[in-house]
Amino acid sequence: MEDRQEEILRLENISFSYPKVQALKSVRLTLEDGGLYGLLGPNGAGKTTLMKVILGFLKPQTGDGRILGYPLRDSILEIRRRIGYMPESDCLIPGMDAVTETAYLGRISGLPPTEAIKRAHEVLYYVGLGEERYRKVDTYSTGMKQKLKLAQALVHDPQLLLLDEPTSGMDPNGRREMLDLIKDIAGKGRISIIVSSHLLPDIEAVCRSVLIMNKGEIVAQEQVQALNQSSANVFEVKFTGDTERFLAELSRLDCRIAEWERGISKLVLPISETPRTLFSLAQRNKVQIRHFKRVQSTLEDAFMKAIGESNGY
Amino acid sequence: MAIKEKGYIGWDGQLQKGSLAWFPILLQGIRTVWKKKRSKIVFFLTGFPFLIFGAAIFALNKPELKFLTEVIRTLKSDRGIFNTFFTFPQLVFMLMILAAFSGSELISADLKYRALPLYFSRPLSKWDYLVGKLSIIFFYLLCFSLVPGILLVALKFLFSGSLAISFRLLMGILFFPLIISFFLASLTLFLSSLSANTKLITIIIFIVYIFNDGFAELLRTILKNDHYYLLSIQKNIIQLGAFFFGTGKSWKFPLWYTPALLVGMSLILLGLLYIKLRKVESQA
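Going down the list, the sequences are from chains A and B.
Quick note: this note's numbering has the first sequence finishing at residue 531, numbered continuously throughout.
Quick note: this note's numbering has the second sequence finishing at residue 392, numbered continuously throughout.
Hints are computed from structural coordinates only; laboratory data are not their basis.
Check each hint, because a few of them may be wrong.
Stated by the list, open to error - With a Cα cut of at most 27 Å, we get these calculated DSS-like pairs of lysine-lysine:
hint : chain 1 : residue 1 : chain 2 : residue 2
1    : B       : LYS220    : A       : LYS401
2    : B       : LYS145    : A       : LYS354
3    : B       : LYS360    : A       : LYS363
4    : A       : LYS354    : B       : LYS357
5    : B       : LYS307    : A       : LYS363
6    : B       : LYS144    : B       : LYS220
7    : B       : LYS384    : B       : LYS220
8    : B       : LYS148    : A       : LYS363
9    : A       : LYS363    : B       : LYS143
10   : B       : LYS144    : A       : LYS406
11   : A       : LYS277    : B       : LYS234
12   : B       : LYS387    : B       : LYS144
13   : B       : LYS220    : A       : LYS354
14   : B       : LYS234    : B       : LYS332
15   : A       : LYS363    : B       : LYS357
16   : A       : LYS277    : B       : LYS114
17   : A       : LYS277    : B       : LYS307
18   : A       : LYS336    : B       : LYS170
19   : A       : LYS336    : B       : LYS114
20   : A       : LYS433    : B       : LYS144
21   : A       : LYS238    : B       : LYS387
As the list claims (entries may be wrong) - Below, a sample of chain B positions facing chain A; criterion: calculated Cβ distance under 8 Å:
hint : residue
22   : TYR116
23   : ILE117
24   : ALA129
25   : GLY162
26   : ALA163
27   : ALA167
28   : PRO171
29   : GLU172
30   : PRO197
31   : ARG230
32   : SER233
33   : PHE247
34   : ILE383
35   : LYS387
This one's a predicted model, so the numbers in the text were calculated from it and none came from an experiment.
Each residue gets a CB set at the ideal place from its N, CA and C atoms; glycine is no exception.
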């Protein structure tokens with residue numbers, strides 16, 4: 219086992235632009251060893267670009283960083299030796315069975331030949347492909363391909379695992395199995411994991427910390443629990459009457475109506491306000507509140523709040 | 109207890125480092141080509157000229173079969189034997205088929221199945237990837253050009269009892285197959301990177317190899333200039349034979365044009381491939 223670093227990743231002012239769009243804007247990020255981090259953000263937020271920069275697929279135009287103790291700009295092969303990457307896209311090496319493909323990729327990562335074969339069998343059993351390991355990978359179902367991608371990312375026992383949409387295209391059972399595997403790997407404390415996903419329940423189910431990205435910036439980085447608490451002022455309300463002026467006044471108080479569902483609004487009050495403010499406003503504007511309930515806040519609320527704040531709402 | 113039930117278990121060994129990161133790609137590629145359908149037929153047909161020339165060397169060293177050298181003039185000298193072997197039309201044709209057979213899918217299939225992120229997320233540079241893929245075609249081409257050339261020298265020694273072979277001829281036996289194999293491997297790999305449609309790429313490679321000579325011949329006939337033969341792989345191979353084995357100039361341009369063109373083109377094609385891979389990697 220090699221020396222473990224306290225920090226697995228430190229990025230300083232990383233910026234990257236494609237010809238027509240700035241994908242990363244002065245990203246600063248520090249991640250501790252042994253963590254399980256969720257990377258969230260809407261489409262085009264910069265999640266994939268960030269992963270590509272960590273893997274060295276893209277060279278940042280400004281900024282620098284260290285990953286697993288190695289400088290990002292000068293030691294990309296050393297960094298890759300210690301990273302396991304599960305890409306989002308359906309990718310495989312055709313004409314091979316799962317053992318051959320996993321061992322082959324393990325060899326390229328630096329495993330000795332006999333160890334690569336042994337380790338390929340181990341990780342394929344671990345992800346649940348033991349019985350199917352001699353089948354040609356071209357014939358695998360989507361769920362099996364996802365597991366195979368996890369196996370190839372684990373074969374060389376990396377220090378950092380990057381998982382891009384790990385449950386994409388999986389049925390509910392497969393999805394649960396995948397999330398259990400991720401939790402188990404993280405639970406051993408041997409591998410730090412970054413999971414990028416647009417599925418908030420997945421992140422909420424497995425991650426302790428979450429990074430929220432929007433428009434190329436990290437807009438929030440907190441423990442999932444803390445993030446949930448910070449968004450605790452969320453209520454379900456239903457009201458009748460002349461709501462136009464009422465809603466305008468709510469808006470002036472920085473209250474947000476986050477969602478509509480069968481006449482019920484999801485209302486997010488600023489931390490500084492209490493429900494009493496809402497009732498006072500309703501009374502003044504002759505609006506009847508027919509339904510009022512504090513909702514169990516979820517990561518989704520926190521996500522909406524963080525994105526809303528970064529958009530200036 | 110199943111491993112899955114035990115949970116994740118790490119690996120406590122030391123990962124190997126070294127300058128041969130491309131070597132696993134070569135080994136796996138050799139196995140994959142060997143297991144392909146019809147590989148044995150292709151190998152047999154490519155190796156067949158060696159059997160003919162092995163028999164010819166045997167015949168040359170048997171006094172009772174000496175009349176054969178009167179019938180086939182090129183067998184009179186060692187230079188003639190090796191030049192004829194390396195530029196033998198069936199061998200040249202089969203080397204091109206072998207290059208297409210072993211290399212048409214090498215990059216094309218990786219593009220089709222989006223395998224490049226699996227390679228480039230590992231300690232493998234773009235050059236390592238290229239060298240690994242190139243060496244697969246190179247290996248098979250050398251197996252049927254350089255290896256038979258060396259075996260023919262061994263047979264000559266075995267049947268005649270003397271190893272009287274000039275330095276220039278020895279250099280020709282070594283460098284002729286190296287240059288031809290390098291060029292065919294680079295061209296095939298470059299063509300393989302043009303599309304993710306593996307069938308289309310295979311067809312394109314066969315078209316290039318089969319019709320380039322006819323195209324060059326057509327231009328030469330219309331424009332009456334021997335330089336157009338530089339566009340023909342077959343004519344370049346004949347000219348390269350003349351360069352290495354000193355069998356006389358075939359066309360009206362300096363002999364060194366051909367080795368310079370073949371090596372230069374190979375390097376340009378590999379450079380273009382590198383640029384393409386850099387682009388694909390950033391989109392991976």
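Evaluated hints:
Between the alpha carbons of B/LYS220 and A/LYS401 the distance comes to roughly 32 Å, so the proposed pair goes past 27 Å and is violated. A threshold of 27 Å between alpha carbons decides the hint, and for B/LYS145 with A/LYS354 the separation of about 16 Å falls inside it, so the pair holds. Pair hint B/LYS360 plus A/LYS363 does not hold up; C-alpha atoms about 58 Å apart against a cutoff of 27 Å. Distance restraint check for A/LYS354 and B/LYS357: the Cα-Cα separation of roughly 53 Å exceeds the 27 Å cut-off, and the hinted pair is therefore not satisfied.
Of the supplied pair hints, the one linking B/LYS307 and A/LYS363 holds, its CA atoms being roughly 24 Å apart against a limit of 27 Å. Among the hinted pairs, B/LYS144 with B/LYS220 is consistent with the structure: their alpha-carbon atoms are about 19 Å apart, no more than 27 Å. Distance restraint check for B/LYS384 and B/LYS220: the Cα-Cα separation of roughly 15 Å lies within the 27 Å cut-off, and the hinted pair is therefore satisfied. Pair hint B/LYS148 plus A/LYS363 does not hold up; C-alpha atoms about 32 Å apart against a cutoff of 27 Å.
About 24 Å separates the Cα atoms of A/LYS363 and B/LYS143, which keeps this hinted pair within 27 Å; it holds. With a C-alpha separation of about 42 Å, the suggested pairing of B/LYS144 with A/LYS406 is violated against the 27 Å cut-off. Simply put, A/LYS277 and B/LYS234 have alpha-carbon atoms about 14 Å apart, close enough for the 27 Å limit, and the pair holds. A C-alpha spacing of about 30 Å is found between B/LYS387 and B/LYS144, which places the hinted pair above 27 Å, so the restraint is violated.
Simply put, B/LYS220 and A/LYS354 have alpha-carbon atoms about 16 Å apart, close enough for the 27 Å limit, and the pair holds. Annotation: proposed proximity of B/LYS234 to B/LYS332 is violated, straight-line Cα distance about 43 Å (limit 27 Å). Under the criterion of a C-alpha separation no larger than 27 Å, the hint pairing A/LYS363 with B/LYS357 is inconsistent with the structure, at around 58 Å. Between A/LYS277 and B/LYS114 the alpha-carbon distance is near 40 Å, which puts this suggested pair outside the 27 Å criterion.
Of the supplied pair hints, the one linking A/LYS277 and B/LYS307 is violated, its CA atoms being roughly 34 Å apart against a limit of 27 Å. Among the hinted pairs, A/LYS336 with B/LYS170 is inconsistent with the structure: their alpha-carbon atoms are about 56 Å apart, more than 27 Å. For the suggested pair A/LYS336 and B/LYS114, the alpha carbons sit about 17 Å apart, so the restraint of at most 27 Å is met. The suggested pairing of A/LYS433 with B/LYS144 is violated, with an alpha-carbon distance near 48 Å, which exceeds 27 Å.
About 16 Å separates the Cα atoms of A/LYS238 and B/LYS387, which keeps this hinted pair within 27 Å; it holds. Taken as an interface hint, B/TYR116 checks out: its beta carbon lies about 5 Å from the nearest beta carbon of chain A, inside 8 Å. A distance limit of 8 Å between C-beta atoms decides the matter here; for B/ILE117 the minimum to chain A is near 7 Å, and the interface restraint holds. About 7 Å separates the beta-carbon of B/ALA129 from the nearest beta-carbon of chain A, less than 8 Å, and the hint is met.
Annotation: B/GLY162 was flagged as interfacial toward chain A, and the flag is violated, the nearest CB pair being 34 Å apart, outside 8 Å. Checking B/ALA163 against chain A by beta carbon gives a least distance of about 38 Å; that is not within 8 Å, so the hint is violated. Interface restraint check for B/ALA167: the shortest CB-CB distance to chain A comes to about 44 Å, outside 8 Å, so the restraint is violated. The beta carbon of B/PRO171 is not positioned within 8 Å of any beta carbon in chain A (closest approach about 52 Å), and the interface hint is therefore violated.
Interface restraint check: B/GLU172 against chain A, minimum CB-CB distance 52 Å, threshold 8 Å, status violated. This hint is violated: B/PRO197 has a C-beta 32 Å from the nearest C-beta of chain A, more than the 8 Å allowed. Of the supplied interface hints, the one on B/ARG230 holds, with its beta-carbon coming within about 5 Å of a beta-carbon of chain A, less than 8 Å. Taking 8 Å as the C-beta cut-off, the interface hint given for B/SER233 holds, the closest approach to chain A being about 7 Å.
The criterion of a C-beta within 8 Å of any C-beta in chain A is not met by B/PHE247, whose closest approach is roughly 17 Å, and the hint is violated. A least Cβ separation of about 15 Å between B/ILE383 and chain A goes past the 8 Å threshold, and the interface hint is therefore violated. A cut of 8 Å between beta carbons decides the hint on B/LYS387: the least distance to chain A is about 11 Å, and the hint is violated.
The structure does not agree with the numbered hints 1, 3, 4, 8, 10, 12, 14, 15, 16, 17, 18, 20, 25, 26, 27, 28, 29, 30, 33, 34 and 35 stated previously, though it agrees with the rest.
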